[in-house]
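Novice: Protein chains in written order, with this note's numbering: chain Z, 1 to 107; chain R, 1 to 107; chain P, 1 to 464; chain B, 1 to 464.
Among these hints, one or two may not hold up.
Estimated spans, in silico, between C-beta atoms of each pair [claimed, not checked]: (1) B:P116 - Z:D67: 49 to 57 Å; (2) P:D373 - B:S380: 58 to 66 Å; (3) B:T42 - P:E28: 38 to 46 Å; (4) P:T42 - B:Q161: 42 to 50 Å; (5) R:E98 - P:G169: 24 to 32 Å; (6) B:G65 - Z:R33: 33 to 41 Å; (7) P:H58 - B:P116: 52 to 60 Å; (8) P:E28 - B:L295: 34 to 42 Å.
Derived by calculation from the structure, the hints in this document are not laboratory data. Quick reminder that beta carbons are idealized off the backbone N, C-alpha and C, glycines included.
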Amino acid sequence: MDQFTSIFTDAASYRLITIVILSIFLGIEVISRVPSVLHTPLMSGANAIHGVVIIGAIIVMGQAGADDYLALMLGFLAVVLGTLNVVGGFVVTDRMLEMFSKKKKTK
Amino acid sequence: MDQFTSIFTDAASYRLITIVILSIFLGIEVISRVPSVLHTPLMSGANAIHGVVIIGAIIVMGQAGADDYLALMLGFLAVVLGTLNVVGGFVVTDRMLEMFSKKKKTK
Amino acid sequence: MESTILLLSYLIGSITFIIGLKMLSHPETARKGNLVAAAGMTLAIFATIFLWENPNTHERLHNYGWIFGGLIIGTIVGTMAAKKVQMTSMPEMVSLFNGMGGACAMLISLIEYRKPEAKSMGEMIVVVLGMLIGTVSFAGSMVAWGKLNGRIKDRTIPGAQAINFLLFGGMIVLAIMVIGGFTSNPYLFYGILALAAAYGILFVMPIGGADMPVVISLLNSFTGCAAAFGGFLYDNPVMLTGGILVGSAGTILTILMCKAMNRSLKNVLIGSFGGQKAGTAAGDKEQGAYKEISLNDTAVLMAYAQKVMIIPGYGLAVAQAQHACHELEKVLEEKGVEVSYGIHPVAGRMPGHMNVLLAEADVPYEKLLEMEDANDQMASENVVLILGANDVVNPAAKDDPASPIFGMPILEVEKAEHVIVNKRSMKPGYAGIENELFFRPKTSMLFGDAKKVLQSLVAELKQV
Amino acid sequence: MESTILLLSYLIGSITFIIGLKMLSHPETARKGNLVAAAGMTLAIFATIFLWENPNTHERLHNYGWIFGGLIIGTIVGTMAAKKVQMTSMPEMVSLFNGMGGACAMLISLIEYRKPEAKSMGEMIVVVLGMLIGTVSFAGSMVAWGKLNGRIKDRTIPGAQAINFLLFGGMIVLAIMVIGGFTSNPYLFYGILALAAAYGILFVMPIGGADMPVVISLLNSFTGCAAAFGGFLYDNPVMLTGGILVGSAGTILTILMCKAMNRSLKNVLIGSFGGQKAGTAAGDKEQGAYKEISLNDTAVLMAYAQKVMIIPGYGLAVAQAQHACHELEKVLEEKGVEVSYGIHPVAGRMPGHMNVLLAEADVPYEKLLEMEDANDQMASENVVLILGANDVVNPAAKDDPASPIFGMPILEVEKAEHVIVNKRSMKPGYAGIENELFFRPKTSMLFGDAKKVLQSLVAELKQV
Ligand SMILES: NC(=O)c1ccc[n+]([C@@H]2O[C@H](COP(=O)([O-])OP(=O)(O)OC[C@H]3O[C@@H](n4cnc5c(N)ncnc54)[C@H](OP(=O)(O)O)[C@@H]3O)[C@@H](O)[C@H]2O)c1
Ligand SMILES: NC(=O)c1ccc[n+]([C@@H]2O[C@H](COP(=O)([O-])OP(=O)(O)OC[C@H]3O[C@@H](n4cnc5c(N)ncnc54)[C@H](OP(=O)(O)O)[C@@H]3O)[C@@H](O)[C@H]2O)c1
């Protein structure tokens, strides 16, 4: 129990918790008035942003011992999957939005 | 210089900086669409909220040595002023808003 | 100095995510917003590769070959897949990419778990939860993907809710045992992984295929949370803010999507009217009589109209009739008929479906009217042609408080002079309910596949 | 355990601030929002008193007598002042409270600076900046307060901008010397304090009294920043988030307030048309002829009208004529005349000034029309009575691109049948510019102090 509550008292963690709370509110505020045509691109853009998990994959991969083949393989896989998420996500979002904006300009 | 850049690298500070950035964006988002009738009460409410500086005054006051009269006096003054800011701010805001809402209910 | 640059890069990354999301939610800035976020992401990735160092040992990263290999492969495959995918299979693609992110989070936790160093309780919590949520998101996204491209059929699993409940309970118990350090048997950890995968599959399986956009949005926010746990683990601000932002924005977006369909999230998840029930609810009521109209009559009616509004729906997308539709519009305009499109926000099966579809066929943007504008000028229309739409013109949404879609705003086609409905049969649409409109005096039915009907109509019109 | 409770209290406090601000910006929830924030503040204060401990020595706070003494005195004085203040002196009061907050931040830094313990560079930055900004905010707020209650007159100081620039430069140099540790002479620190106080005074002094609401809002966000520096110093999340939130929300609010007056912040700060120039710009143009109307004629005109709209302005507030105005409204309504009020968003001298004023006189809320609604029904009004308003009905804002108020939306009184303007003379209003309206054919002038004129009008009407 003590070990558990220490998660909250440790000065470092409470700052993290503050960051979490602020981000939650910010996420809500930022999205709250989106027109329904943009639901799909926004979903897709948000999908690309959580691809930031790739950074974790890079850290894990870059620390793996040269002879720990399992870690190397899993890490490599993680990097590939994370990149797919990021790159695919941004490109597909851009394509969707291109559809809208190209037409808009001709207006 | 080193001492200065260390402010950014120190794990604790970057979290604080993240909190600052998120709070700035949140402050902007939260206010952005306020009708002009509410400008004065909102200004007044925000004024009360920055009275949170009272917490600093309490900490300073509560740590002052029992014989450090200057610190005691300044700290006491700080607590009084901070309390004025908080209490006066919230009460005056409530009075302003009462004016609006009382009339609205009779609608 | 270098770690200052790293942290500044992370801060800039976080800021671009906030600004990017903000811009993405306004039509004029959306595309730029996506690029802003992408630029921030690129910065954060390269800063990590070259500047990150272990906080304890102060070692830099190595294995650059593996890292760049992975990045390059992922970039090539990701770009190609994203470029090749058809507009209408976009939600599928998003689901797949979302699953990749979930799997990535899962793998990170797995590798961290395997590391011999002792972990604090906080670290264990973060590792276990990151793995758990990442796995659920991965498994769920795969099922959603399969459903959208038709590989997995909708099916109700008897007792699914009870099974899910058990799985969920099992995960919690195992997670407490692993985190609390009551056992160090690694198989318990892998057990959580297996349960999470099963849970993800069973969670999505019973939900109707047409509800997948909502489910994907939900899974999206799960993956966001999984990424945030990675942020806790490495004390990494950009992963933390990026992950949580998506987690909360995704949740709100899910709710907004449900609202646009006038349904609750719970209702979507329990699947009260998913694809499954479609077609069964019909016949509750005495069916009235409907009248048909011939292709030729339709052509004449339209040719001599002054204003025609086309209302596209899911059927148009299924029939891939967008080009034929544009053809019809051009022929009519040549004859001096004013043509516009009335776009309902949830017509089709994903938000913006009709806009994307018609944009693909080069229909000019200014001809697309949003629902309110369309309704405003409905009274001045001579002919309204409904192409494979059903629920979005169902008057029960306005008149019948008992209807499951009651309260949803609809296109009020009956204000126009003539209403012509094209669909293949009298079968109901997505909501699985009868549509009074088809039996109303103003309405005439023009049966057939949307694409074929449109092509014949164009041929007829050229002869009028 | 206890420090967990403390931190949870702080988190709850931060959340209430966010939610409170959010609610404060919507009319229906504003009052509750204020209470929510107040509750969070109370929680954070008491949690600090009883649970805070020094991170190094793990000592609790002592001197409870002093602390509670200060709290009680502050609460009593603050409540009384806030309860007794007149509605129209609210901005004054807010300015005073804001100054108190700034002074509090200044004192905290002062005490921390005096402590013998060595400080890291980061701590020094935070102490110096907190003191500096707190002092500027304190001094500026006192001047703003003095201006609003008339104790300090508007005056342009020759070369004010150059002096301010020098003061600012001096502060920066001293701050760098103190922070960089080039000297440990405490007088340098007190020098910063003196310069900051001078800067605060000179910064606000030349700005027109009527612009004070904007200035107060700006100083408000300064104090927010000062509080945030305290948050850095004590690594205190609730001070940090509360301070920064107010800092950024206050800045945006300042900009919004400027926008509502159709001016830029820079324009306000340099004071291009503050109180100073009022009355001088008149006479640029050939003055036309205006016609007067007698009290008696006015009474007759209004008594036989079907609809009358009253447009209150700053003059009504100055004359404290709100009760007389309500009197007039009641007399007219008894005679079967329909009376409404057209409220311009920046009529008066603070946002919402007219609403507050008329609410005080018990004018029913539904009679107050916002500008758009008022303009919509203007064409159906028989008589428009303008009471001490000027700029908000100036047609130059619409017609004359050279006018300083060009672009500001106005109440378009000329759409009505008759326009009667009550003011004391032909002098211009706040913006210091001529008003064409007074010379237009539809307009008649009814000179005199608003309160007296209204009282006489009521007397006349009772006899009609
Ligand atoms: N847009 C979104 O984000 C979204 C997401 C999930 C769910 N939904 C839901 O989807 C529904 C959308 O309404 P909707 O009016 O567009 O579609 P709908 O109500 O599902 O009706 C589509 C109609 O098209 C007809 N159809 C099918 N294939 C056709 C073909 N090849 N040619 C001609 N007609 C064909 C069908 O009738 P036949 O079988 O008789 O031909 C069907 O009645 C709403 O209930 C909405 O809530 C929307
Ligand atoms: N609301 C805000 O937040 C705010 C804040 C700052 C600035 N402002 C500015 O203030 C102005 C407000 O416009 P406004 O039309 O309300 O006021 P205004 O343009 O300042 O005009 C007020 C008029 O009232 C007359 N007056 C003064 N005392 C009077 C008395 N005792 N009886 C009768 N009339 C009297 C004055 O003329 P005589 O001297 O001839 O009597 C003056 O022309 C705008 O320019 C706005 O930008 C507003």
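Novice: Could you run down the list of hints and mark each one as holding or not?
Specialist: These are the hints, each one checked on the structure:
no. : hint                        : verdict
1   : B:P116 - Z:D67: 49 to 57 Å  : holds, 55 Å
2   : P:D373 - B:S380: 58 to 66 Å : violated, 29 Å
3   : B:T42 - P:E28: 38 to 46 Å   : holds, 44 Å
4   : P:T42 - B:Q161: 42 to 50 Å  : holds, 44 Å
5   : R:E98 - P:G169: 24 to 32 Å  : violated, 50 Å
6   : B:G65 - Z:R33: 33 to 41 Å   : violated, 51 Å
7   : P:H58 - B:P116: 52 to 60 Å  : violated, 34 Å
8   : P:E28 - B:L295: 34 to 42 Å  : violated, 56 Å
Hint compliance for this structure: hints 2, 5, 6, 7, 8 are not met, and every other hint is.
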